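J.: What follows is each chain in one-letter form.
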Amino acid sequence: MNMLIQGGRVIDPANQIDQVTDLYIVDGKVAALGSAPEGVEAGQTIDATGQVVCPGFIDLSAHAREPGPSQKGSIKTEAAAAVAGGVTTMITPPTTSPVVDTSAVAELIRDRCEEAGKMRILPMGALTKGLEGEQLAPMAALASSGCIAFSNSRLPIANSLILMRCLEYAATHDLLVVFQAQDESLARGGCMHDDSTCTRLGLNGIPESAETIEVARCLLLTEQTGVRAHFGQLSCERSVRMIHEARERGLPVTADVAIHNLLLTDECVTGFNNDFHVLPPLRSQLDRAGLIQGVLSGTIQAICSDHQPHERAAKEAPFADTEPGMIGLETLLPLSLLLVEQNILELPQLVEKLTSAPAEIMRLEGGKLSPGSAADITIFDPAMAWELTPESCHSRGKNTPFMNYPLKGRVTHTLFNGELVYQLEGGNA
Amino acid sequence: MFEPTDPNQIQLTPEGELKHFITTEGLSRELLTEILDTADSFVDMSAKQVKKVPLLRGKTVVNLFFEASTRTLSTFELAAKRLSADVLNLNISTSSTSKGETLKDTLMTLHAMHSDMFVVRHSSSGAAHFIAEHVTPDVAVINAGDGRHAHPTQAMLDMLTIRQAKGEFAPLTVAIVGDILHSRVARSQIHALRTLGVKEIRVIAPNTLLPRHIETLGVKVYTDMLQGIRDVDVVMMLRLQKERMNSALLPSESEFYKLYGLTMDKLALAKPDAVVMHPGPINRGVEIASSVADGDRSLILDQVTNGIAVRMAVMSMAMSGQTKTRANLIQAGES
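If you read the protein sequences in the order shown, they are chains U and R. Take the first sequence: its position 253, counted from the start at 1, is 253 in this note's numbering, and no numbers get skipped. Take the second sequence: its position 9, counted from the start at 1, is 9 in this note's numbering, and no numbers get skipped.
Hints listed in this document are in silico derivations from the structure and should not be mistaken for laboratory results. Worth double-checking, as some hints may not be accurate.
To be verified - Distance windows between CB atoms, simulated: (1) R/3 <-> U/37: 37 to 43 Å; (2) U/184 <-> R/92: 27 to 33 Å; (3) R/70 <-> U/297: 55 to 61 Å; (4) U/70 <-> R/38: 33 to 39 Å; (5) R/3 <-> U/390: 20 to 26 Å; (6) R/58 <-> U/70: 35 to 41 Å; (7) U/107 <-> R/332: 27 to 33 Å.
The model shown is predicted, which means the values in this text are computed figures rather than measured ones. Every residue, glycine too, gets a C-beta built ideally from N, C-alpha and C.
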């Protein structure tokens, strides 16, 4: 069906557009901005007055949990959470159960996503078989089955020779490798940032070096092998500096950060609130400032949710005994808008971090509103005040410290291939 | 965005009375002194023919121990019995359970038995806090040691022992020696000593046994025991678990003893009237020489005696706070 999105502030950073105008969609694709294309009549109109119209968000790290522990989430539930958060494409880590190291698993994820029909899930494939850090995964075959990138997640590849071989092989096939850098021996047993709060609470700490040593090793091997590399969910100021220096030297590496690491610090853990148990951990004010600086300087190109749903029982235990991670798909927009409210980013810059930049990192077609592009579109009201509640939360996981927290900025409509896949109750259509 | 949480949000009533005892951190000097004064009144009771008071008569105290302990469990049991409570001891091995679900399930089961107080020991930091968050508002929780976080009754019995020996806290320099990294006792001692206003707190250990940024707790850090122990009034030794020897933390038992073990020679560097304390059980020849442990400056057995008095004090105070909470709840329900 043809559609008109009327009177919204259209922000399309890829095409440097920021203007109040109309947007026409024909046959699931962006057709025109401003005036209607000749001979086109909109079958449906969305009044976007006072709202922002932008490309659908592309989330570089969100766990759907399928295949795997269905009590935490499924492709169906997490896809529903994604579109409610304006996310039309999400990249899922290979840490499913079984892990994404065979074409069958990759295809299952894509099939289930197609069945859900709401949005696009692009799985990352495992870098090593079983993510065990021993033997190369069949990357070329996995890429043919739809794996967008390759990662060993936070699981160790202790042997640097094996890591180098993985990168060489990925480079051979021009595949993107995603590092979620963590030195296993330094992080082992840890559950929060190793600093004064950790000392007071008597929890096992994870020092910055658990990340920075691994970032350094990965950067050196990236340089040596020439692989396309991306660093996901950074948490340390020093990591940002190292990646910045590498980029200055001409190394084409990219990076992203989870929105909660940009907003929160380890001091949040003072009350043993298990919702703040995340990996990488919430770090110091200095680290947070370094990450913000990284976003501003462009060393960090993208912001992601690092969405990790858990069932209630997984978070009902003493802090260290709980499973790490918080949900984030539905709060990605309002939390990101805090960066605008705090004058850290302009709104178009923020939209870029959520759309065209991640598309570029993953070499995706989307993330823009060029005529002929798939009409993956998010419409949001940047001023709408609301609260995420367990009842309104679409994700199966309810694990976030932002539950029942006053938020500002809400997605009202999400379109995927021109189809309205989410509409806020009471929204104009 | 999220302000650091005040630890007293969970352990004090709105009127500032103790309802749980989870940590010494953040408690006022007045409240700590009240605990010591109340404990003092119970110390004398131990010498009487009838060693019971009816403060907890009709109440049920459950000692919920997820971690092995003889000394702490028996002193809590004795304290509860001297307060005339009914006592149930439960030793629950965490190795046979599957983490959090079981902890909460256990708690729910015990709830159903209408217990009035849980005394909790657990290997995970924050466990007592977690339990206090999940019990009904009329149940008191006393932390008998959680992970590396806190062991507040041990710290308070140490404070009582120091006060008995030295009178005033303000002029004192106190050294805490040994495995600070893994010690919940040290953390609770540091908070209590600071609040009670001692002049100086020192921690003495090799870097492998010192938590990061320990100085932010308000202590001076020494890695050389000969320097650290100089002119102190109180030496508080910590227990060192032998399994931590010959690992990546320490090269050997003998090397630790040589550098950090408390011998008469090293003690001679402290003030002439300096006293020696140890939470026990002691490893003779590893962290402390027998001549020091059994010497006339050792207060180790006084600590044990004071343990019962302090636990009686804390239990009666928390129960009082909970009783008022319960009364308020009933009143609120009626109105």
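J.: Now, for every hint given, state plainly whether the structure supports it.
T.: Each hint tested on the structure:
1. R/3 <-> U/37: 37 to 43 Å: For residue 3 of chain R and residue 37 of chain U the Cβ distance comes to about 53 Å; the hint is violated.
2. U/184 <-> R/92: 27 to 33 Å: For residue 92 of chain R against residue 184 of chain U, whose Cβ atoms are near 31 Å apart, the range 27 to 33 Å holds.
3. R/70 <-> U/297: 55 to 61 Å: holds, 58 Å
4. U/70 <-> R/38: 33 to 39 Å: violated, 53 Å
5. R/3 <-> U/390: 20 to 26 Å: Given about 23 Å between the Cβ atoms, the range holds.
6. R/58 <-> U/70: 35 to 41 Å: violated, 48 Å
7. U/107 <-> R/332: 27 to 33 Å: The hinted range 27 to 33 Å is violated for residue 107 of chain U and residue 332 of chain R, with Cβ atoms some 59 Å apart.
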